[in-house]
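Per UniProt numbering, residue 1 is the first one in the sequence shown, and the count goes up by one each step.
Incorrect hints may have been included.
Claimed, not checked - For lysine-lysine, the following DSSO-like pairs were computed, each having C-alpha atoms within a straight-line distance of at most 27 Å: (1) 383 to 334; (2) 383 to 342; (3) 162 to 34; (4) 116 to 143; (5) 143 to 87; (6) 389 to 324; (7) 215 to 143; (8) 547 to 383; (9) 375 to 269; (10) 34 to 86; (11) 702 to 561; (12) 116 to 87; (13) 86 to 116; (14) 87 to 215; (15) 547 to 375; (16) 87 to 115; (17) 115 to 215.
Claimed, not checked - Here are the computed distance ranges between Cβ atoms for each label pair: (18) 44 to 141: 43 to 49 Å; (19) 585 to 700: 17 to 23 Å; (20) 137 to 245: 35 to 41 Å; (21) 575 to 617: 45 to 51 Å; (22) 106 to 252: 50 to 56 Å; (23) 516 to 585: 34 to 40 Å.
If you are wondering where the hints come from, they were derived from the structure by calculation, not from laboratory data.
Heads up, the beta-carbon is just placed ideally off N, CA and C, and yes, glycines get one too.
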Amino acid sequence: MESVSFVFSDRATVPGFLGLDVQEEMIGHILEVKPDKILLVCDQQADALHADYFCPLLPGGAAAPGEIGYGDIGGCSWSELPAVEKKVLPPGDECKSWDHLSELIRWAFDVGTTKKSLVVAFGGGALLNITGLFASILFRGTKLMYVPTTFLAMHDVVTSLKTSICYDGRKNNIGSFYAPLKILIDVGFCSTLPRGELFSGVGELAKNAALMGGKHAEGFVAALSKERVDSAHGGSGEEFVLDRETLMGLLRLGIEAKMSVLRVDAYEKNSGMIFEYGHTVSHAIEKAYGDGVVPHGLGVTYGMLSSSFAAERLGIMAPEDRQKHDDLCWLLLKRWPLPEPKPSVETVMALAMRDSKRGLTSEADDEISDVLLRKMGDIVPTKTNMLSKFPCSLVAEWLVSMGFPSSEGASPIPEVKAVADSECEALLESVNSLDDTELAAQGFEPMTVGFANRVCAAERHGQPLVIKRYTDLVFLRLSPEAIGAVDSLAGEAGVGPRVFHSSPRGLVMERLEGRTLEEADMHRGDLPLLGAVAQALARLHQLPPPKVSEGGPMLWRTVDKMLEVAAQRPDLWPAEGMPGLGPVLVEVMRAKQTLVAHQAKVVLGHGDFKPSNVIFHAGSAKLIDFELGGPNYRGFDLMKAFRTANGFSEPSMRHFMGAYLAGVGEGCSAEDVDALMQEARTFEPFTWLEAAIFFLTLPQFKPEETARWHRLAADRWAKFEEARGRLQMDRLSRAAAHRPTSF
1 MESVSFVFSD
11 RATVPGFLGL
21 DVQEEMIGHI
31 LEVKPDKILL
41 VCDQQADALH
51 ADYFCPLLPG
61 GAAAPGEIGY
71 GDIGGCSWSE
81 LPAVEKKVLP
91 PGDECKSWDH
101 LSELIRWAFD
111 VGTTKKSLVV
121 AFGGGALLNI
131 TGLFASILFR
141 GTKLMYVPTT
151 FLAMHDVVTS
161 LKTSICYDGR
171 KNNIGSFYAP
181 LKILIDVGFC
191 STLPRGELFS
201 GVGELAKNAA
211 LMGGKHAEGF
221 VAALSKERVD
231 SAHGGSGEEF
241 VLDRETLMGL
251 LRLGIEAKMS
261 VLRVDAYEKN
271 SGMIFEYGHT
281 VSHAIEKAYG
291 DGVVPHGLGV
301 TYGMLSSSFA
311 AERLGIMAPE
321 DRQKHDDLCW
331 LLLKRWPLPE
341 PKPSVETVMA
351 LAMRDSKRGL
361 TSEADDEISD
371 VLLRKMGDIV
381 PTKTNMLSKF
391 PCSLVAEWLV
401 SMGFPSSEGA
411 SPIPEVKAVA
421 DSECEALLES
431 VNSLDDTELA
441 AQGFEPMTVG
451 FANRVCAAER
461 HGQPLVIKRY
471 TDLVFLRLSP
481 EAIGAVDSLA
491 GEAGVGPRVF
501 HSSPRGLVME
511 RLEGRTLEEA
521 DMHRGDLPLL
531 GAVAQALARL
541 HQLPPPKVSE
551 GGPMLWRTVD
561 KMLEVAAQRP
571 DLWPAEGMPG
581 LGPVLVEVMR
591 AKQTLVAHQA
601 KVVLGHGDFK
611 PSNVIFHAGS
621 AKLIDFELGG
631 PNYRGFDLMK
641 AFRTANGFSE
651 PSMRHFMGAY
661 LAGVGEGCSA
671 EDVDALMQEA
681 RTFEPFTWLE
691 AAIFFLTLPQ
701 FKPEETARWH
711 RLAADRWAKF
721 EEARGRLQMD
731 RLSRAAAHRP
741 TSF
């Protein structure tokens, strides 16, 4: 067997072994790790075609020790061979279900699996996907080896750390990244592959050929020119056959293509996303037909045609370059037309709009995303993940051109369902007047109660909703006519949830999938998450402020209003821990002068950009709670995202700043990041000052908790003074560093 090294950046280097008819060597590699038990997981197709492959390891698999020659393989005597437990799952994506994952876990513990056991995945790509996920969660990670039996799995599945199952009608939306101990490839398995399976593997190579161009395209075309009809099948033309040497050559090309990229992007979040080319529409077509009808690689090749169609319509790909691209695809597709009857355009589009990648590019409701090419070997770059978004109508138009039927007068693009204003007002009244028990009885889900609002979830007409009912405290910071203005603008721009109804009473908006971030999320070095949050903030900052929100920076508008309210009741001012009103007013005046001197940049700001106001889902971030939104200092938002009582993570903050600068189209050099970091640090004292003043006003609204508000105001004031001192020391240090030295 020849050795192949699978290098996944700094995450893992996995030894691989490649050969033809290498059963004995395969078993040797498995026994070499000396497991106490082998969990052999295979699919029905692999079990039916190759049941005897691991026969020497199974009970009764050999008449006597040494008869087949495996007595000393892997340093094991025959009596020391580990026990082997076998589990057979259905073929294809049918096996990639929650039920089968649960079944595997129960089986593993029923047969006495330990941390010294070895999981061997023996089958096609789907089987490897679910078995990899199973191994990754068993004991928080169990030894795993891949033995792929399909051509697709040999060059496309094992060259990725991704594992997955399909859930709720979606493709690959639950999974993990996990490295096997070894990858063992016997190309001899390809001689028994059904026509569709071989087609599927070659289809993913068509994708590589289009992405890479050059020798990958040349190798693909040359290989398909060698295709022959196997005489064993009577020359019927039903079998697609490539000789073993050609398959070995294609296999090496496929592995080389994937590893050239994944060696620098193991998690496939940035450059590695190019291998999603064609997959958005592919997954939808495959799901629309039903599992196993359209082989995955064939679906991908059809998906590539939809992407080239969109690229030409967008003026990205020249007609002659599209022709070359599509000719390459049709080399394969002419041998495999899509089955009739085709599913409807509406069915395919509905599935495409639920693709697991959705949200990574913050698509609008009428947009979809995929990798796009200018020509073969020339990928359209994007600032983050190589995905480009474009109108859904282009995909729908391509589907129609391919003969997919469309319902008369129906829109192929699913829309967010609107809710009538009268119904929204009724929802707001319910949230205002009913207690949690009464709300639950009427189908509401109480979520949070904040200083200025009460939030519940509900569903109407199939649309998940969030209902936010404001209290009078909201008017301490926001004028009635401005309520919902920034929320609505952000929703229309895809930065926040879509708002269906807005009034001084509150908001009714779509409910977003995902989780609310916590402070720790911004400091633990999760680069994709930080990048997504930075990009969302950058998009908000580039929007024009709504007319009703125009004016000076919101920071000082709200601070001035809160101080005016606090000054009305000097008897409620804290007796200790805070200076009097006069010194506080002086600090506010100094802060304003500082920002004027620094010419701090004003944008459409969030105003309360803390982690709990970010929803993260599927690699994408959206913002919520825009009550303080309006013209504001961008540095205030940037610092609010990272400000904690215990400081912040410098590396995480620097990565965030770099991603933000890329999002707003500014320079991203180390010097640019340094400058933005300094701009943000300038605002740390002011974030604490604003919080202290806010708590000074609360005794007038919730007097029963006055002692608590006084403690919080004093705490925030102390943090303001500490942050102000650090900022002053930092400025002195930087000034000293730039002062000429005299000798």
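Q: Kindly indicate which numbered hints from before are broken by the structure, ordering the numbers from low to high.
A: Failing hints, ascending: 1, 2, 7, 8, 14, 15, 17, 18, 22.
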